[in-house]
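Student: Each chain, letter by letter, is given below.
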Amino acid sequence: MSTTSKQTVVIAVEKKKRKYYLIPTYIAVVFYVLFLGFPFIWMFSTSLKTPYELLQLHPSLIPDGFYWQNYIDIIEKRGLINSAKNSFVIAILTAVLTTVFTVPAAYAIARLRKVFSGVATGWILISQVFPVSLVIIPLFMAVRRIGLLDTIWGLVLVYLVASLPFALWMLKGYVSSIPVDLEEAGAMDGASSFQILVRIVFPLLVPGIVATALFTFLNSWNEFFFALVLIQSPENETLPLTLARFMGSEGQVLLGPLAAGAFLATIPSLVIFGIMQRKLASGLLAGAVKG
Amino acid sequence: MSNTAVKDVKLKKAKKSGKAKLYNRGAWIYALPAFIPLVLLSVVPLSQAVWTAFTDSVAGFDVKVSFIGFENFRRLAGDTLFWQSFKIGIIWAVSVTFLALFLGFGLALLLNQKLRFLGLMRVLSLVPWAMPPVVVAIMWSLLLRPQSGPIVDLFTALHIPGAKTDWLGDFNTALPTVILIGAWVGMPVITVSILAALQGIPTEMVEAAIIDGANAWKRFRYITLPAIRAITSALIALNIIWNFSSFGLVFVLTAGGPGGKTFVPALFAYNEAFKYGNFGYAASMGVVMALAIVGMLSIYLRATKKEDTQR
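In the order they appear, the protein sequences are chains B and P. Okay, so the first sequence: first residue is 1 according to the numbering used here, each after it adds one. Okay, so the second sequence: first residue is 1 according to the numbering used here, each after it adds one.
Check each hint, because a few of them may be wrong.
Listing some non-contacts, in silico: residues in chain B with all C-beta distances to chain P over 10 Å [said to hold, decoys possible]:
#	residue
1	Ile-72
2	Ile-75
3	Lys-77
4	Ala-105
5	Gly-118
6	Pro-138
7	Leu-157
8	Ser-177
9	Leu-204
10	Pro-207
11	Val-210
Partner residues are not named here, just some residues of chain B that face chain P (Cβ under 8 Å, in silico) [unchecked claim]:
#	residue
12	Pro-24
13	Ile-27
14	Pro-131
15	Thr-151
16	Trp-153
17	Leu-160
18	Gly-190
19	Phe-224
I should point out that these hints are in silico values taken from the structure, not numbers from a laboratory. In this text, a Cβ means the ideal position worked out from N, Cα and C, and glycines have one as well.
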């Protein structure tokens, strides 16, 4: 009894010592808040400023008022709605197709630990290592040959190529974390391998599938270079393309609408990340840590 | 209860006779439909890209392509511009990775404590990750505008020497600035992953260490560090791969300039292919870069493995 109370005292004393660390800790907090938050807040503030305010030589961080016209401008006049729609359709299609293709394959790779699995893993690694900007050469030629250049489907195809290896890797990690005993028990009860996959593995894999799909969605939503190479007509543009074009042509002049568009483009990802942060991060590295 | 026991016995028997493993043998048939698109969409283009490195392929319709063996590589070996860019690429990848690791680790340690503004920090820590890279590049180039950008204003107000520097346009500051922005982008993945590992440390363990008289440094050294070892080596390897072959940020921020100071090899290869149309030559650069990463990683992995066995 007395030893436990002694221990509590020791712990309490040690915790009190922490007070000395408080000042440097909060200095670090301020640094991080500024480093991470300032650019974002500055962009939001810029998106609410009138053209006159933006012309001031030394603008303040807090806008004079809420000037929503920038948002109306970028949405109505710059075709942002259409590019957002394109980006959304492309990202959804990519995420769904990637998931459909990778789930069974990931299962096979994770469970068949033989030559086959080794080859598959090696290839996943190589595809991560090889600069994507060069895989685009044969892809570009293939997409042109089948007549999908400058189409949404052509871009979906290319995004599939880009996202399959990593999605496979992520999912493989999730499959490995499901105990094989469960499946063996299922086999003992006379379930066929297809039943095992659908009834036992699939339900346990749902969180991993959701994380993989969201990750793929965000990557396609944000992607810029493949779109730059493959899309030519404005009506097929994705959101990053429209923003970049806007930045290049008149962004320095029309800072307000540009900031508004950039802010709007960030919101979907921020919401998804806010909800999924823990899961996404552990998923990203599931393949790495669990082998 | 007896039911499970029976099952256990059954299972053990089955395992011995290899019966339980048998169901696995058929599994690849279900995976086959998945591998066909995988092979078509990933293995084929990748192999084609590697094959291109051994040809004289150039841009344009109906150009005859012929196999030229290692000619591209021979030419590349003497291409001093590429090797200069290669050096910049290694500096870029390694610095971004370790700076992001350092900053992300610090942030994870902070987020793991009971502090005020924790909720705000958590949301903020995700912002760079959630932001589309194009938006990141646009935003930073606006922030760093040489004449009237807010950062120049801020530094001038704080009387920081050299406040008026054109951070992205100056020979000396361009690469460090781009590296800092790269670390800003790379921080969140690292922060969230390390934080997850830190939160896996049982509090009883820390309390026991306190009772045994371990000071803060010792607790950090013998509890915190081992807990994040595995995740950290995975993060280092992944980030070096990603950063070495990425060039989006550099492309938008500086386009390789000023004077080639930020000309990373991925951008070099991209220009060679899409600006000058030398597909074959560009592909050979890709192959060399891939080999370099594999080399670096195998050295790194061997080193971490050695450390593990010494423990």
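Student: Now tell me if each hint is right for this structure.
Tutor: Do the hints match the structure? See the list:
no.: 1; hint: Ile-72; result: holds (20 Å)
no.: 2; hint: Ile-75; result: holds (16 Å)
no.: 3; hint: Lys-77; result: holds (18 Å)
no.: 4; hint: Ala-105; result: violated (4 Å)
no.: 5; hint: Gly-118; result: holds (14 Å)
no.: 6; hint: Pro-138; result: violated (4 Å)
no.: 7; hint: Leu-157; result: violated (7 Å)
no.: 8; hint: Ser-177; result: holds (14 Å)
no.: 9; hint: Leu-204; result: holds (16 Å)
no.: 10; hint: Pro-207; result: holds (14 Å)
no.: 11; hint: Val-210; result: holds (17 Å)
no.: 12; hint: Pro-24; result: violated (11 Å)
no.: 13; hint: Ile-27; result: violated (11 Å)
no.: 14; hint: Pro-131; result: holds (4 Å)
no.: 15; hint: Thr-151; result: violated (16 Å)
no.: 16; hint: Trp-153; result: violated (13 Å)
no.: 17; hint: Leu-160; result: holds (5 Å)
no.: 18; hint: Gly-190; result: violated (10 Å)
no.: 19; hint: Phe-224; result: holds (5 Å)
When held up to the earlier numbered hints, the structure conflicts with 4, 6, 7, 12, 13, 15, 16, 18 and fits the remainder.
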